[in-house]
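Asks: Sequence:
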Amino acid sequence: MPISMAVRGFLCIILIVRYLVLTNAFLDMDPRTVKKGLEAFANVVDAVNIASQDKKCSYKCPTGYRKSVNYSHIPTSNGCGSLGVDVDLSHLSSLEACCDEHDVCYDTCKMDKEKCDNSFYQCLMNSCTRMSSKRKRNDAATFTINTCKITAGLIYQGVVSLGCKSYLDAQKNACKCVLYNQREDL
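Residues in the sequence shown are numbered consecutively from 76, following the working numbering.
Hints may contain errors.
Claimed, not checked - Below, simulated EDC-like cross-link-like pairs (lysine to aspartate or glutamate); rule was C-alpha separation at most 16 Å, straight line:
1) K142 x D244
2) K240 x E171
3) K185 x D244
4) K131 x D187
5) K247 x E171
6) K251 x E171
7) K135 x D187
8) K190 x E176
9) K240 x D192
10) K224 x E171
11) K131 x E189
Derived from the structure by calculation, the hints contain no laboratory data.
Taking the hints into account, I'd like the entire structure generated from these sequences.
Replies: Structure below.
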């Protein structure tokens, strides 16, 4: 039985909260940190709300307008993480490049979210496979490779379940909506 996007989103929130508790993120009671944490949580809740609509995530212009590349926009990346939640992958640094490519894909006008996500998954798995070919076959290497694959799977499920808001925000910056009869280069 397939799991709905809302359930996936809810499970991702549980994983994020568990991560924050395990890393003692709540012990730092600096008001700026608390504010940033609440903003991140609000972003995640918004993302779950969007995901619960169970429809294809695509950026659309209003009726009578079409998407056009915003040439003044430069695609960027913020590494692994989204919605104010940073994912520390210092122990699996080979995955960072995949996150950067994925961010740039989302941040490029007219890119399809599903294609970006599928390319991201392939990049993550290829990174873990390359890691396995570089390591000697022992218990520590097997543990690291399995950790890589589990982490990659969780990150991928996170973007599939909660990535629509980030995708739409990025497309809104990367594209502009122009009248159908307006030239592309204006």
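Asks: To test your reading of the hints: which numbers does this structure violate?
Replies: 2, 5 and 6
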